[in-house]
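Generate the whole structure from the sequences, applying the supplied hints.
Note that the protein sequences, when read in sequence, are chains A and B.
Under numbering that gives the first Met the number 0, the first residue of the first sequence carries the number 0, and numbering increases by one thereafter.
Under numbering that gives the first Met the number 0, the first residue of the second sequence carries the number 0, and numbering increases by one thereafter.
FYI, nobody ran anything at the bench for these hints, they're computed from the structure.
Check the hints yourself; a few may be wrong.
One copy or two, either will do: identical chains are not told apart, so a pair holds if it fits within one copy or between any two.
Unchecked claim - Derived DSS-like pairs (lysine-lysine); straight-line CA-CA distance at most 30 Å:
id, residue 1, residue 2
1, K10, K45
2, K101, K45
3, K101, K10
4, K22, K45
5, K45, K98
6, K22, K94
7, K45, K94
8, K10, K94
9, K22, K98
10, K10, K98
Number of protein chains: 2
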Amino acid sequence: MAEEKSVNKEKPFKVRARVTIRKETNFFGPGIVELMSLIEMTGSVKEACRQMELSYTKGWFILNRAEEELGYALIHRSHGGKSGGGALLTEEGSKLLDKYNKLQAEVQEYTEQAFARLFADGV
Amino acid sequence: MAEEKSVNKEKPFKVRARVTIRKETNFFGPGIVELMSLIEMTGSVKEACRQMELSYTKGWFILNRAEEELGYALIHRSHGGKSGGGALLTEEGSKLLDKYNKLQAEVQEYTEQAFARLFADGV
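So this is what it looks like as structure tokens:
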């Protein structure tokens with residue numbers, strides 16, 4: 000641990016920007032984006048919640064709130080069947096996720112440049 | 000409530016970007032910025048914590064952690080005296096706050112423009 004500390008003292012400063020879309024509430028930001036990405040990867044809301052250490056109830060609360068603000072569905076709710084009833088992103092949900100990720104990436108890039116310029120003399 | 004809901008449905012989408020500076024930890028973001036701004040306004044760490052509904056211990060934890068990451072003091076610790084021993088930002092703390100606010104404002108402006116461009120067809 001002592002060695003790790005001395006290494007960390009030479010760590011550079013970094014900057015991060017996190018984008019949130021809001022209407023009535025801050026309904027679409029890093030949290031739901033991680034959740035939707037995990038749903039896409041695992042095909043399961045339950046498994047996505049587990050990986051985020053989020054209760055299933057809270058996960059659906061986040062998804063339902065966003066759908067209400069947006070006025071469209073993010074997740075297909077299938078009812079069992081031979082496929083096992085996996086939950087998947089709707090086309091609109093997938094498009095929103097892509098556009099958000101593009102926005103987030105652009106903002107992060109801009110923020111790093113602005114940080115380097117404004118803090119050229121150090122932090 | 001029903002009336003409020005129907006009004007809110009016509010609310011536009013908005014976007015917000017929040018900048019955080021990190022080294023070992025995310026030590027400088029919206030939270031400490033609000034705290035330091037309140038310390039500047041009130042001249043008191045205790046009063047600033049109260050207004051943020053933050054415990055005094057937690058407030059100092061946030062300030063101490065940032066000072067450790069930065070390697071300089073953000074707050075003058077005066078020890079009583081006739082002035083009553085108010086806590087005030089150091090010159091370096093004040094400069095950091097100004098530069099952060101400039102960065103945050105630039106990033107917010109960029110984010111709004113990028114949001115309008117990427118979500119021109121709606122959210």
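Verification of the hints:
no.	hint	in the structure
1	K10 / K45	neither (37 Å within a copy, 32 Å between copies)
2	K101 / K45	within (27 Å within a copy, 42 Å between copies)
3	K101 / K10	both (28 Å within a copy, 24 Å between copies)
4	K22 / K45	within (27 Å within a copy, 34 Å between copies)
5	K45 / K98	within (25 Å within a copy, 43 Å between copies)
6	K22 / K94	within (19 Å within a copy, 34 Å between copies)
7	K45 / K94	within (22 Å within a copy, 47 Å between copies)
8	K10 / K94	between (37 Å within a copy, 22 Å between copies)
9	K22 / K98	both (17 Å within a copy, 29 Å between copies)
10	K10 / K98	between (32 Å within a copy, 21 Å between copies)
Checked against the numbered hints given earlier, the structure breaks only hint 1 and satisfies all the rest.
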